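> Sequence:
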Amino acid sequence: MSITGLAIIYIIIWWIVFFAILPIDVDRIKIKKIEGEDSGSPENPKMPKKFIYCTGITTILFIAIYLLMKFEYLNLRNIIS
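182 is the number of the first residue of the sequence shown in the working numbering; add one for each residue after it.
Among the clues, some could well be false.
Said to hold, decoys possible - Result set (DSS-like, lysine-lysine): computed pairs, CA atoms no more than 30 Å apart in a straight line:
(1) Lys-211 x Lys-231
(2) Lys-214 x Lys-231
(3) Lys-214 x Lys-230
(4) Lys-214 x Lys-227
(5) Lys-227 x Lys-211
(6) Lys-213 x Lys-227
(7) Lys-230 x Lys-213
Stated by the list, open to error - Simulated restraints on C-beta separations:
(8) Ile-189 x Tyr-234: 14 to 24 Å
(9) Lys-213 x Phe-252: 53 to 63 Å
(10) Ile-205 x Arg-258: 53 to 63 Å
Bear in mind the hints are in silico, worked out from the structure with no lab data behind them. Treat the numbers as computed from the prediction; the structure is a model and nothing was measured. The beta-carbon is built from N, C-alpha and C at its ideal position, and this holds for glycine as well.
Construct all of the structure, not just a fragment, from the sequences and the given hints.
Put into structure tokens, the structure is as follows:
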């Protein structure tokens with residue numbers, strides 16, 4: 182598989198993992214009330230921590246998928262046809 186294809190697969194897995202991790206460890210209790218702001222929005226969403234976790238999990242999943250594709254346990258061309 183080409184570098185472009187591998188990059189696309191990595192990005193797709195990253196976004197799926199990111200949206201799965203996003204609601205984890207969110208404090209919805211507001212200390213300051215700001216008019217016009219949603220009351221359910223988090224005070225501190227801890228985004229840098231989530232980016233690091235997401236990248237780590239995605240890298241592990243990507244390596245597993247890549248090895249399955251390399252040793253032909255997961256052949257996407259045969260699945261489609």
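> It remains to establish, for every hint, whether it holds in the given structure.
Here is how each hint holds up against the structure:
no. : hint                          : verdict
1   : Lys-211 x Lys-231             : 20 Å, holds
2   : Lys-214 x Lys-231             : 25 Å, holds
3   : Lys-214 x Lys-230             : 25 Å, holds
4   : Lys-214 x Lys-227             : 19 Å, holds
5   : Lys-227 x Lys-211             : 15 Å, holds
6   : Lys-213 x Lys-227             : 17 Å, holds
7   : Lys-230 x Lys-213             : 23 Å, holds
8   : Ile-189 x Tyr-234: 14 to 24 Å : 22 Å, holds
9   : Lys-213 x Phe-252: 53 to 63 Å : 54 Å, holds
10  : Ile-205 x Arg-258: 53 to 63 Å : 35 Å, violated
Going through the hint list in order, the structure does not satisfy hint 10, though it satisfies all others.
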